Amino acid sequence: GAVVSQHPSRVICKSGTSVKIECRSLDFQATTMFWYRQFPKKSLMLMATSNEGSKATYEQGVEKDKFLINHASLTLSTLTVTSAHPEDSSFYICSASSGPSTDTQYFGPGTRLTVL
Amino acid sequence: QKEVEQDPGPLSVPEGAIVSLNCTYSNSAFQYFMWYRQYSRKGPELLMYTYSSGNKEDGRFTAQVDKSSKYISLFIRDSQPSDSATYLCAMPFSGGYNKLIFGAGTRLAVHP
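Chains as they are written, first to last, in the working numbering: chain A, 1 to 116; chain B, 1 to 112.
Pulled out of the complex, with its shape left as it was, chain A reads as follows (with noise of 0.2 Å):
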């Protein structure tokens, strides 16, 4: 099956600092990938969708200026957190698919972030 990989697995920060999370598609082309933040034994909620190539879609509610996500090649993507401050703690999760018209998602196995 499809493989997506995220790193770093875990990262701890200071508050104030920016922290970069990548997200591969290790065997397909990802032409299209979400980002997700999910808090300790809540649901997934999608932050972002991003399209190889062009700007990302952020969901209402998201800060585009604090999470930077760049989708620079059809198996890359990353997420950058900037200028973290506690309450951005969480599991964040990366998701790829093939394109728009597929409707199958592959997960990346997430992202501790700890910000102390």
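In short, the hints are calculated from the structure, not lab data. Here the structure is a predicted model, which is why all the values come from computation and not from measurement. Just so you know, even glycine gets a beta-carbon here, dropped at the ideal spot from N, CA and C. Some hints here could point you the wrong way.
As the list claims (entries may be wrong) - If you want the ones that stay clear, here's a sample from chain B, every Cβ over 12 Å from chain A, calculated:
id: 1; residue: Gln6
id: 2; residue: Glu15
id: 3; residue: Val19
id: 4; residue: Ser20
id: 5; residue: Asp66
id: 6; residue: Thr86
id: 7; residue: His111
Said to hold, decoys possible - Straight-line alpha carbon distances no greater than 30 Å define the calculated DSS-like cross-link-like pairs of lysine-lysine that follow:
id: 8; chain 1: A; residue 1: Lys55; chain 2: A; residue 2: Lys20
id: 9; chain 1: B; residue 1: Lys99; chain 2: A; residue 2: Lys42
id: 10; chain 1: B; residue 1: Lys2; chain 2: A; residue 2: Lys42
id: 11; chain 1: A; residue 1: Lys66; chain 2: B; residue 2: Lys70
id: 12; chain 1: B; residue 1: Lys42; chain 2: A; residue 2: Lys20
Use these hints to put chain B onto chain A, whose structure you have.
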């Protein structure tokens, strides 16, 4: 009213039991229905994918869709401790880039 409702559980069953997991939804435009399994501290993995009403079986898993009632179910037969995970139902928005709406997820524990 949330678009997708799912009882978060937790649901605890003995090994070998039949498990029934359910979601209701409010948008009659939803056409595709998915079940994901998520182990602790891991990303979700796609279990079942169904379209329209009816049943779909895959090994010990059966997905059932009743569009008239806006109700979907996932049945697990002969449940195993390895089935212990959170099960999330999900439905894509129609059109666009197939954004998924997830249920809250039901935590399932199968004890030996």
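Against the structure, the hints come out as follows:
1. Gln6: 8 Å, violated
2. Glu15: 24 Å, holds
3. Val19: Check passes; 19 Å lies beyond 12 Å.
4. Ser20: 19 Å, holds
5. Asp66: 20 Å, holds
6. Thr86: 8 Å, violated
7. His111: About 19 Å separates His111 (chain B) from the closest Cβ of chain A, which puts it past 12 Å; holds.
8. A:Lys55 x A:Lys20: It holds: about 17 Å lies between the C-alpha atoms, which stays within 30 Å.
9. B:Lys99 x A:Lys42: Given that 30 Å is the threshold and the Cα spacing comes to 18 Å, the pair holds.
10. B:Lys2 x A:Lys42: Holds. Lys2 (chain B) to Lys42 (chain A) sits at ~14 Å (cutoff 30 Å).
11. A:Lys66 x B:Lys70: 37 Å, violated
12. B:Lys42 x A:Lys20: Holds - the C-alpha atoms of Lys20 (chain A) and Lys42 (chain B) are around 19 Å apart, at most 30 Å.
Violated hints, in rising order: 1, 6, 11; the structure is consistent with all others.
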